[in-house]
Amino acid sequence: MCLATVYIEDDGQREKVMQDVAWIEPANGGLQLITFLGESKLFQAQIESIDLMNSLIVLKRMTADSPERVPGDQKGKPA
Amino acid sequence: MIGGKEMWMKKVSVCGKGGSGKSTVVALLAHGVRARGYRVLVVDSDESNPGLYRMLGFDKRPEPLLELVGGKKKVFPTFSEESEPREILLTREEIRVTDLPGDYIVERDSIGLVCIGKILQSLEGCACPMGVLSREFLKRLRLQEDEVALIDMEAGIEHFGRGVEASIDSVLIVTEPSFDSLALAEKINTLAAEVGVERVWTILNKIRSKEIALRLREELEERGISIIGSIGYEPEIFQSGLEGRPVCSDKLETDIGRILDQLL
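First to last, the protein sequences are chains A and B. This note's numbering numbers the first residue of the first sequence as 44 and each following residue consecutively. This note's numbering numbers the first residue of the second sequence as 1205 and each following residue consecutively.
Hints in this document: simulated from the structure, not taken from any laboratory. A couple of the hints might just be wrong.
As the list claims (entries may be wrong) - No more than 25 angstroms apart at the CA atoms, straight line, and that leaves these computed lysine-lysine pairs for DSS-like:
# : chain 1 : residue 1 : chain 2 : residue 2
1 : B       : K1214     : A       : K59
2 : A       : K59       : A       : K103
3 : B       : K1414     : B       : K1214
4 : B       : K1343     : A       : K84
5 : B       : K1322     : B       : K1343
6 : A       : K84       : A       : K103
None of these values were measured; they are calculated from a predicted model.
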C-alpha cells in the first residue's frame, strides 16, 4: 500500500495517528498531514523515519526546547 | 427479511484468477439476484477491465468515484491549495445508493453500476488509491433490505493486502479448470478467513463436462474449500464476451439459481 500509516512517538510511546496519508508538508512550525479522503491534521512534530516498503511514517513530537522547532507560521518552510 | 429468509448477505465480493470469468459471473448473478426481487448495485473494483458495463447491458460506463476526490493526478494539489477540509460524499460515515450523483452511477431495471477507478495511461503509478477508495466506499455503503452489492474485484489477491474485504459479508471465488486457478482459490480461501469473512465459497466456471466438474470438486474438497455451485460452459456466453454484448443466458438459469439458493 503506497498510502501511509503514520505513527507519532512521544516519550518513547508509539501511537497510530493517521491512515491513508497522501500528502505531508511543513506548516506552522510542524507538519500538515492530509489523507486520501481529505482529512487534515497538523502535528508539532518532525519526521523520525519513513519506511516506504511498509508504508509507515513515524513522527517524533517536538517539545518547546527542540532545536529543530520553528515558531510561528512557517508554512512551506522546513520545520 | 425478503421471501421469508433472513438477509444475511449484503456485500458479496467476486474474486479469483485473471481470466477465470469474474465479470461474467457478476453479470449473471446480477440478473439472477434482480429476478429474485432485489435491487442490485454492482461495484466495478477492477482498475483494468474495460467492459463490465457492456456485460450488464449499459451503453456507457459511469464516471469513476475516484473523480469525487479530484482524480488521481489532481488529488494532492487540490488538498494543498485548500485551507478548509472538503465535504465530499466519500467522507460521509454512511453512503446510500440514492446518495450517488447521477454521473457516477448508471442504472436500469433495478441494476446499478458504479466504478471505483481505472488505470488510464502508462507510468501513472500504482492502483493503491483505488484500493483505498474501494475499501472506504464499501465500508461506508449502507444497503437497504432489498439491496445487494456485488463487487467485481481486481484479479488476484492484492485487494486482501489493501483490506478491501474488511466490510464484505461473502466471498465468491470464481475457479476455472486450471492448476493456477485452483491454487489461487486455496490462497483466497485462507486470506478471506484471515480477515474474518465466514461465508466463502468457490463457483466452478467454464465447466464443459461432468467429469471436469467432478475432478474440480475433488481438488477443492481436498483443499478444504466449500463449493456453492457450478456454471457450465455456454457458447452463447462465449460469443457475447467476444462481441462485447450483454451477458445473459436462459440456459444458465438453473446453475445461477442453485448458487443464489445458498447465497441469499
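For each hint, the structure was consulted:
Distance restraint check for K1214/B and K59/A: the Cα-Cα separation of roughly 31 angstroms exceeds the 25 angstroms cut-off, and the hinted pair is therefore not satisfied. With a CA separation close to 12 angstroms, the supplied pair K59/A and K103/A stays within the 25 angstroms bound. Note on K1414/B and K1214/B: the hinted pairing is violated, with a Cα-Cα distance of about 32 angstroms set against a maximum of 25 angstroms. At most 25 angstroms may separate the alpha-carbon atoms for a hinted pair to count; K1343/B and K84/A meet this at roughly 22 angstroms.
Restraint check: the Cα-Cα separation between K1322/B and K1343/B comes to about 20 angstroms, which is no more than 25 angstroms; the hinted pair holds. Between K84/A and K103/A, the direct Cα distance comes to roughly 15 angstroms. Compliance with the 25 angstroms bound is thereby established for this hinted pair.
Comparing the model with each earlier hint shows violations of hints 1, 3; every other hint is respected.
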